[in-house]
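Protein chains: 4
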Amino acid sequence: MPNEVKSLNEECGVFGVFGAQEASQITYLGLHNLQHRGQEGAGIVSSDGKKLYQHRDRGLLSKVFADEADLDKLVGDRAIGHVRYSTTGNNSIANVQPFLFHFYDGEIALAHNGNLVNAVSLRRQLEEAGAVFQSTSDSEILMHLLRQNKHLGLIPALKKSLNQVHGGFAFLLLTKDKLIAALDPNGIRPLCIGRMANGAYVVASESAALDIVEAKFVRDVQPGELIIIDQQGMKIDHFTTNTQLAVCSMEFIYFARPDSIIHGVNVHTARKNMGRLLAQEAPAQADIVIGVPNSSLSAASGYAEEIGLPYEMGLVKNQYVARTFIQPNQALRERGVKLKLSAVRGVVKGKRVVVVDDSIVRGTTSKQIVKMLKQAGASEVHVRIASPAFRFPCFYGIDISTRSELIAARYSVDEIKELIGADSLSYLSVASLIKAIDLPDKGDAPNGGLTVAYFNGKYPTKLDDYEAGYLASLKAQTAREEGKK
Amino acid sequence: MPNEVKSLNEECGVFGVFGAQEASQITYLGLHNLQHRGQEGAGIVSSDGKKLYQHRDRGLLSKVFADEADLDKLVGDRAIGHVRYSTTGNNSIANVQPFLFHFYDGEIALAHNGNLVNAVSLRRQLEEAGAVFQSTSDSEILMHLLRQNKHLGLIPALKKSLNQVHGGFAFLLLTKDKLIAALDPNGIRPLCIGRMANGAYVVASESAALDIVEAKFVRDVQPGELIIIDQQGMKIDHFTTNTQLAVCSMEFIYFARPDSIIHGVNVHTARKNMGRLLAQEAPAQADIVIGVPNSSLSAASGYAEEIGLPYEMGLVKNQYVARTFIQPNQALRERGVKLKLSAVRGVVKGKRVVVVDDSIVRGTTSKQIVKMLKQAGASEVHVRIASPAFRFPCFYGIDISTRSELIAARYSVDEIKELIGADSLSYLSVASLIKAIDLPDKGDAPNGGLTVAYFNGKYPTKLDDYEAGYLASLKAQTAREEGKK
Amino acid sequence: MPNEVKSLNEECGVFGVFGAQEASQITYLGLHNLQHRGQEGAGIVSSDGKKLYQHRDRGLLSKVFADEADLDKLVGDRAIGHVRYSTTGNNSIANVQPFLFHFYDGEIALAHNGNLVNAVSLRRQLEEAGAVFQSTSDSEILMHLLRQNKHLGLIPALKKSLNQVHGGFAFLLLTKDKLIAALDPNGIRPLCIGRMANGAYVVASESAALDIVEAKFVRDVQPGELIIIDQQGMKIDHFTTNTQLAVCSMEFIYFARPDSIIHGVNVHTARKNMGRLLAQEAPAQADIVIGVPNSSLSAASGYAEEIGLPYEMGLVKNQYVARTFIQPNQALRERGVKLKLSAVRGVVKGKRVVVVDDSIVRGTTSKQIVKMLKQAGASEVHVRIASPAFRFPCFYGIDISTRSELIAARYSVDEIKELIGADSLSYLSVASLIKAIDLPDKGDAPNGGLTVAYFNGKYPTKLDDYEAGYLASLKAQTAREEGKK
Amino acid sequence: MPNEVKSLNEECGVFGVFGAQEASQITYLGLHNLQHRGQEGAGIVSSDGKKLYQHRDRGLLSKVFADEADLDKLVGDRAIGHVRYSTTGNNSIANVQPFLFHFYDGEIALAHNGNLVNAVSLRRQLEEAGAVFQSTSDSEILMHLLRQNKHLGLIPALKKSLNQVHGGFAFLLLTKDKLIAALDPNGIRPLCIGRMANGAYVVASESAALDIVEAKFVRDVQPGELIIIDQQGMKIDHFTTNTQLAVCSMEFIYFARPDSIIHGVNVHTARKNMGRLLAQEAPAQADIVIGVPNSSLSAASGYAEEIGLPYEMGLVKNQYVARTFIQPNQALRERGVKLKLSAVRGVVKGKRVVVVDDSIVRGTTSKQIVKMLKQAGASEVHVRIASPAFRFPCFYGIDISTRSELIAARYSVDEIKELIGADSLSYLSVASLIKAIDLPDKGDAPNGGLTVAYFNGKYPTKLDDYEAGYLASLKAQTAREEGKK
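Chains as they are written, first to last, in UniProt numbering: chain A, 1 to 485; chain B, 1 to 485; chain C, 1 to 485; chain D, 1 to 485.
Simulated from the structure, these hints should not be mistaken for lab results.
Be careful, since some hints might not be right.
The list cannot tell twin chains apart, which means a pair is met if one copy fits it or any two copies do.
What the hints assert, rightly or not - List of simulated lysine-lysine pairs, DSBU-like, C-alpha gap at most 35 Å:
#: 1; residue 1: Lys371; residue 2: Lys216
#: 2; residue 1: Lys73; residue 2: Lys317
#: 3; residue 1: Lys462; residue 2: Lys435
#: 4; residue 1: Lys435; residue 2: Lys340
#: 5; residue 1: Lys63; residue 2: Lys51
#: 6; residue 1: Lys367; residue 2: Lys73
#: 7; residue 1: Lys340; residue 2: Lys178
#: 8; residue 1: Lys73; residue 2: Lys340
#: 9; residue 1: Lys458; residue 2: Lys160
#: 10; residue 1: Lys442; residue 2: Lys374
#: 11; residue 1: Lys150; residue 2: Lys160
#: 12; residue 1: Lys417; residue 2: Lys176
#: 13; residue 1: Lys435; residue 2: Lys374
#: 14; residue 1: Lys150; residue 2: Lys340
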């Protein structure tokens, strides 16, 4: 979740609605409940059946639509919206979605959550043939493919194009008379459908966005599906049948809202189960259990219940954002300024504390938390991570693809324990992670229908452009492990 | 705490530091951890021993100091700061503190948390004698009294003036060479002293503001004390010895941060105790216990532990603020738009739920929460309030002084239960509240050294200007109760 | 006029209206045409006969009222407004007018253009008696005096107070039922009265503000007058009869809009006359005459007509404001960056140019202009100043009171000519200045009813607090002149 | 010029520099002096020889670069910039230039002033072949053509592409190692080259932009030329030799700055000549001559000199912008609120006034001016227009292409005189316009090397996509004229 002390970042959330008056206002509400998926840009494209209308800008949703008039001009009963996370340097306005394309034969808007693994090679092929891209985003590629195939007609062209892109993706498209949703063949990114009391259809990255607009959950979009919504209603089609479920496990561990339900599993409940199983796998001799707010509170309460220790509020999160330029004198800075988290002295003083966190990325925050708790008087600090160790990059839309900084890729658990200053450290096993989530519709899909490649390096798709980089990282890892022996 | 779904509002937080380089930056940090005490205005006055420098404006701290230069120009090693809550209509820039007064014989800055009960009559007397006020705040009165008494010298004049004002107050004053703190004779508002590693003294409304600047807690300011800090160090003086401890119980129930320690009691721990005692007084036949985030989570976990039911996350708070102008079509609005809170369907569905809240003011939020939980599938909703029923106004700095809307002042517990649609409703008793807080330095003060007038109408001070209003409200209440018989 | 390349600054403009619906909107329009008198702050106070409503902030009028709602909330049929210029360091929000004072027995708003010469001593007396000032502005003093005298009743108290303040001043006051205007005994600052078609009265610093609201000019406020406007109409009273007209000549030379009429004299016409008389006093052998836009264009055209040379556009003013932080590399900066003015090469190339300017303050701009014209190919540059040389400070509201940088106070005309690099330099004589303006109602007032102290050191009032400073400056000047001999 | 009371709008200005440190700061300065050519968007792309860096946004230059950091990040010694005017509805950020395109084989930035007459058909052809446009601007077309031709190599591909586009255009392109400028075969839009003292080359829409960066004028870019600037210096090439000079006469009449020199003619001088010739063609029995500020002042002074009447300042322009939402009550609005212009009563009262304006578009402003002058007391108002009557649309970059509102296309001179309430009205003849400008390098080009199609319907290029629209307008006009007979 956003404003967390972690540096894992989801790359976007999408929302669409068809058939509801004030569709742009409904989309605003939906995006409000998806804001945790991206805080660096937001936009909405609406249509009244005649034209498409757009507003987008950098920043939080509330800033982008700070002026009421900007929302009012997005008229019509259909709309799609997007919230965007972006890595530094690419936060250009040109990359803020939904993209809106004007063609002589019509307008199309596009919103995308995910990452294509063959974007670089596809883009090069397209550019060789004369294509001109304005964004640096891989999302624009689909539109170029679609136009290359346009002689086939919209839906066949779209199906063909969706088979040309590889990776994890949830696409929403809006034309003046259709709202279209498509999900990758592994269903890596979440996407679900709801229906409002007035019959309007809603599509959203998470079910929490259905709740805020009082839409009833209808179904999850399934791998390889193409959903077409128009005046005649909703049609469920598909662009491929070569599919296999591999939902991103990080959605359950960290990204999604606790009140969302993904493929039948409530996120909070999954996290609580992770905490329970972690307690079974890695109990600790301690007095109290605390969680790192907010994303780890579910797991912490599960851990506490399972092990039979009191669950306490040992860390408090500051809900206000401080200006980043505030840097008091060196002495103060060195002792560590805690703008986001505070330890509750009255709770942890003199106690052996189990602190449950959902993940460790670079280890710097964990180190600060341990230090903070000890300064507040904790006699022992036992760190328990309610997910397996991150060792491999994500290529499907989470911003850890380029990070050589994954601490677990470079150090053993014992080494990490020393680095962060904990009295003990344990991670959840991959098997327990799968068991904690326990997807009802997993069938016989590997890994219980989840993508757990971040932990074991086994990716559900070909890696295409990333193949070389992945192999290099794998080799380095093996070499490191060999060296240890 | 701020951004809560409640409409109780603290009227300010104060912070001061003397003897630390970049004092204004340290004050910014301190105010950052006091931001929950006031979000409608903020300011800092600093001094380098020669002049006083000021910056203040409406809005959150991060907005007021959005431009780095505004903080940089506040040079010097001493500063005071203020965060302000204000009632609608008075949110003029003229009322944003600290006030800075320029006199021919020196400059004085003033920051105030609290409310004076004789402000109206004092102001009238002063105006009759020719005084000109620029703010509508009662805080300015002290400065006029101080100047009327100025022939006595600063400290004697201040002591005399502090005896002329009645009510609950924590004042900070800054001259070019002194930082002065004063607390009302009942210690109604919290105020504590800390010390940084470099010897600098810090004064703050809550100890959480000491923590963020890594100052060690020294002591609470005691009722009637006058603390004078200058180059020679700290001197503890007093302006009256006619004192009796009566700390505002609402600080423990609702306002203060859970990590703060007030008169030796950790706020989180006190809240957890309130939950425990509430479970003893008012157990419920249920499956799970949930709290209203964030201020009621401590009490909810105490309730759950005591009663032996699972403590679950049944409500999630949205950490992003939505634009208030978003008002979708009537149908949607009527069904209630939940921008701030969401129920976790996966948790509450089919369950008998105890929802613990810290207080009920007007009842509208409680009604929404019950409805939201039932819509999410809860089979029963039992509301448990971890404080006694609010029946009387606060005259010491909490914004419920003018509220005829206190639901508990007009309805019985049974009536309220019906109004909010709960299956059962119970409040904590005053006795249990006092027991839960259990102030170590209460001595033989009435009500365990707490102000509990909001619940029982027994105020620790004379009410002066409010006497008539109070009597009227009391009479109305009695009449109502009589009528019931 | 503002955004000019000069560093002379008027300290404010005032506007008031009584009896017109949407009075605050009318006041906005009036202030729009007075914006040249102050760009650093603006505000309006309105009344509906029951309460007073205020909005004010730092910055240009269009920024202060950027949000339409801020104007809409200023309801009622009466209002006063203010635009403010301020010297660096005092640009605090506390100093932005109109001030609004809330007393137990009523509210009063105050707007002021001018400067009091006994402000320091009055303020000291008041503070000795316990008065508390919030602004550093001298304008607040009148309110303190008024309240000291309040037992007399509003109008008598005001008359007494106006006799206690000395200097140049135009005051507007607004209570819930009265709009009051007062002008100093010498009428130094301009102030005039108009009437709208619907009967509403308007009071403004300049007649150009009457024009924009389509009010007909009624009369100038005369020295020592007190104008009281209420539901019964307008009453012309006075607070003193010991008066003598001494209108600030700088209003005609530089500050006022060319379309304004002050005491019967159109400002553009006066300036054109200054140019004509300057041509008679100081002709030049040249090919063309140009003016420094915008304030010197009238004088330049008069000079050209009188001398019979073509009047050309040799300098162009950029109407857009550049960011001040733009500082290209040193080489470029040294050659002088011309963000505000550009020479017209096609006009001046190979020509002997007379450039007419209205004044020289520090000389730096004149030096740049001469250099710019020569770089553009002018063969000779003859500078003609359409006013006498500034040698003495203004104590009545123009921001040159503290300037030791007045070039003409330190150097002779010949020396200045050398310093600015001109081929010749002449100023207008004081006698010609008086003749050019030629006030119709001057009677037998000295200096034709004008204040020309900036040129000859003869002030129309006692100088009170400034006496010592003035004498010192006079002595230094005499010493310098002696030294020359 | 911008902020004028006219509704003619130039569609952009361009600036480029190669070989100067802090190239983006220099570009900012250049754009500052081109701001009158477009106020609705601005941007700069720079390069350090390795990468291209971009910042652009809607609004004035000073707003777009309000944050110093936005300019600082545009590092390198080469840059191009753009200021944009846009018609309502298309003011999307996607249309703000320079465009920056990222290709796998390099980056290219593009800035454009002008309009292509075959944009619609070219775009359709490109889209048929799969091209995806993000902007609605015709400028993007050149990039698509360039990429279609890229197998030829950059310069040959560019030459071929420039022959495919028709109309009036000045293009600047920046790659990491080249700055390229191209001008249409008729040289309709102005573009000139300068050189800084350090050897850096500068290209700009107007010579006024060379002046502010202290670059010496080198030459005008000639029709059909392709200028290539790189580390080796400047190379003058061409993409066609089928050229004929037809400079837009509106640049001289209205758009360009008076200090600019276009094809050897100073704009102010040309305007003054227009005024002189207008006086010969259409003298008036009057007392004074005034101009409409600012763009008509040159012509007015020429008229006055030629006819021997005093040139006066009878209209004053307000240099501050008022909020557009200010709409006082109906009565006031009907009498006409003059936020931008004011008549100088002291000048025009009782006088027969000649008011010189540069053009009439819709006639509404002229009507207001006449009314304003009469209300201020003018006894007669004779309107003289220093250009021929606008009867035909511009297809080369001036925003009158879609205007059926051209008053002179629908009414005779006599009718217009009545509509605007003038006592007499005359326009300049086309022959005198040509004579007034008198281009030195016109050779035997028709119309003295100028485009005067707006007056006589004879366009210098084929009209392609606009042919049908033009013919229709011509037919309507003829019909109207026939009907009059």
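Going through the hints against the structure:
no. : hint            : in the structure
1   : Lys371 x Lys216 : between (46 Å within a copy, 16 Å between copies)
2   : Lys73 x Lys317  : between (38 Å within a copy, 30 Å between copies)
3   : Lys462 x Lys435 : within (26 Å within a copy, 64 Å between copies)
4   : Lys435 x Lys340 : both (33 Å within a copy, 32 Å between copies)
5   : Lys63 x Lys51   : both (25 Å within a copy, 31 Å between copies)
6   : Lys367 x Lys73  : between (49 Å within a copy, 33 Å between copies)
7   : Lys340 x Lys178 : between (44 Å within a copy, 32 Å between copies)
8   : Lys73 x Lys340  : between (37 Å within a copy, 26 Å between copies)
9   : Lys458 x Lys160 : within (27 Å within a copy, 50 Å between copies)
10  : Lys442 x Lys374 : between (43 Å within a copy, 30 Å between copies)
11  : Lys150 x Lys160 : both (10 Å within a copy, 28 Å between copies)
12  : Lys417 x Lys176 : neither (56 Å within a copy, 48 Å between copies)
13  : Lys435 x Lys374 : both (33 Å within a copy, 30 Å between copies)
14  : Lys150 x Lys340 : neither (50 Å within a copy, 44 Å between copies)
Figure legend: structure checked against the earlier numbered hints; hints not met, in rising order: 12 and 14.
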